[in-house]
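Asker: Dock chain one against chain two, each of which comes alone in its own frame, and use the hints as you go.
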Amino acid sequence: MSCTEREKLFGYAQRLLEPREEHEVRAHLESCPTCRAAAEEYRKVDTLLEEWTPLEPSPSFDARVREAVEPSGASRSLLGLFGFPGLRWMAPALVTVLETMGGEEEVKLYQNLFMLEDYDLLAEFDLLSELPKGETKVDN
Amino acid sequence: MDQDLDLMLRVRAGDSASFEELLRRYRVPLVSYFRRMLRDPALAEDLAQEAFLRVYKARARYRPDARFTTWLYRIATNLALNAIRDRKEISPAGGNESSDGEAELLPVVDSKPTVEQLLIESHRVWLIRDAIQALPENQRIAVILHKYQELDYGQIAKILGVSVSAVKSLFFRAYESLRVRLEPLLKGGLI
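Each protein sequence line maps, in turn, to chains A and B.
Numbering-wise (our numbering), the first sequence opens with residue 310 and increments by one.
Numbering-wise (our numbering), the second sequence opens with residue 4 and increments by one.
Bound conformation, chain B alone (with noise of 0.2 Å):
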């Protein structure tokens, strides 16, 4: 049996430390997804907290009927596009997202790192995370679902409510913006 789902069925039992193991696996990637969906890390941290939290509230009614980062995920891919909307978070780049959450490419020339920003992460990386979080939200959560998470193409799939080779399609389009977007950094010869 998947380990993760072990533990969550332990935790349903009463079991705190195996909610405590959950946090020890999940704290870092749990974080650092909200981090790459949304610009404000702040505001990263609390819904990774809350995502833990609503994880122990339906500790009770947890059925294990789908992989557990499938299910955690879900949860937290549901708190992050609240967040969106709520806080209306569009890319960096000022692109207008529609109502279908495809984002006009726009180049990402007009978004400067701010000093604090650049001495926490190379300009690399600013450049990397300003074009992912420029990409539309399904795009940009099949991304970060797949490339950082490592979740599969079926998981995703479930989370985002579409069908794999929807999830393929979206994945394809993502790269082809990425490329377009990295072309800098990609013609420097650097990679």
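Chain A with its partners taken away, still in its complex shape (with noise of 0.2 Å):
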């Protein structure tokens, strides 16, 4: 090999050659100290690169995600309530609960939807999921 030939001097500081090259690289690094230096300086830069530890995440990451994949908080709760026919009785309840958080025109806006047959339309609404986590009974 020459000494213009980096790339198989990277090659065998990362240790990528064949063995045929690599003996060969080998060969001309004994008598070459250029050579032998960049190779060093590869394997010193691969070294160096190693400070840079793995970063933990926030202690929140791991809620967050499950709340992106499955929503479990308030909403799921409460409107898995909802979810069994017999409990779609407590419909007008949960008005009156929109009415005492939300107001009327909270109440006006949900009013003239579905809403309690489709889970996936419910979770979009943010008063639903403030709820705080557990409650699903409502005094009526």
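FYI, nobody ran anything at the bench for these hints, they're computed from the structure.
Some clues are possibly wrong.
[Stated by the list, open to error] Derived Cβ-Cβ restraints for the label pairs, each shown as a range:
(1) Pro368/A <-> Ala69/B: 46 to 52 Å
(2) Pro342/A <-> Ser168/B: 27 to 33 Å
(3) Glu359/A <-> Val183/B: 15 to 21 Å
(4) Glu359/A <-> Ala69/B: 25 to 31 Å
(5) Pro363/A <-> Gln6/B: 17 to 23 Å
(6) Val165/B <-> Asp355/A: 37 to 43 Å
(7) Gly157/B <-> Glu331/A: 49 to 55 Å
(8) Val167/B <-> Glu379/A: 34 to 40 Å
Just so you know, even glycine gets a beta-carbon here, dropped at the ideal spot from N, CA and C.
Answerer: This is how it looks when you write it as structure tokens:
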């Protein structure tokens, strides 16, 4: 090999070469201090990069992922409850809750929707998703 | 069979515990990947979350025709590239990135770490981060995926849609740039 074959030197430093090429480079390095220094530098870069260690996610990360893939908070528990046909009688009570929390305008907005039939649609409403966890009991 | 692939097949079959296991295994690698690709930690976490969400949403269509990590990092890389292009994230040194993703090699001395950044990482790590993030997109992806995420050249080639020899060439060019940019640390005799 010649001194100009930097890519081969890099391959040697990264152990990417076939045995025959590796032998060829090793033989060249024995007699060429410049290439030896260059190969050593690639190894040093490799070692240096290892100082950038993995980075931990923030404490809320896992919960955010779970919530994104499978909403399971207040909205899920409240809406899951209404998924049972026997509990759909609670719909008017929900309207009362909405009136209390969101006001008349909010209720008008929701009343014309078939909201209790469609979980995906309901999950879009911020007001519902903001209900505290386990807030499924409704006073009538 | 690849254990991750087996887990993903279980997720496809509706086993939520297997998704939890994938989350446990890849939460740090994915967040680290995005934080290495981008300079905004909050955005990095949002994208990692989005990557998990896409994995979950695609579970029914999942086909085990490649290693799980190839699939996962292809999703992650697409998200990262879209974010970079959307937010026009270019090299911290202000290097101009051309349409083919090649950035000019500019000195890093123009960018300075903020006090906040230095509180969370040493100056050496900051220099390394800066040098990697100044690489052109494809070189940056190749280095991060191989060096930090431990993907082999074949996997990276599939993700980038190029040949294995092209990946090796990207890797070589990246190291040439890094050698120049990290010279103060390399010559400092601290390694």
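Asker: Of all the hints numbered above, which does this structure not satisfy? Sort the numbers upward.
Answerer: Of the numbered hints given earlier, those the structure breaks are 1, 6, 7, listed in rising order.
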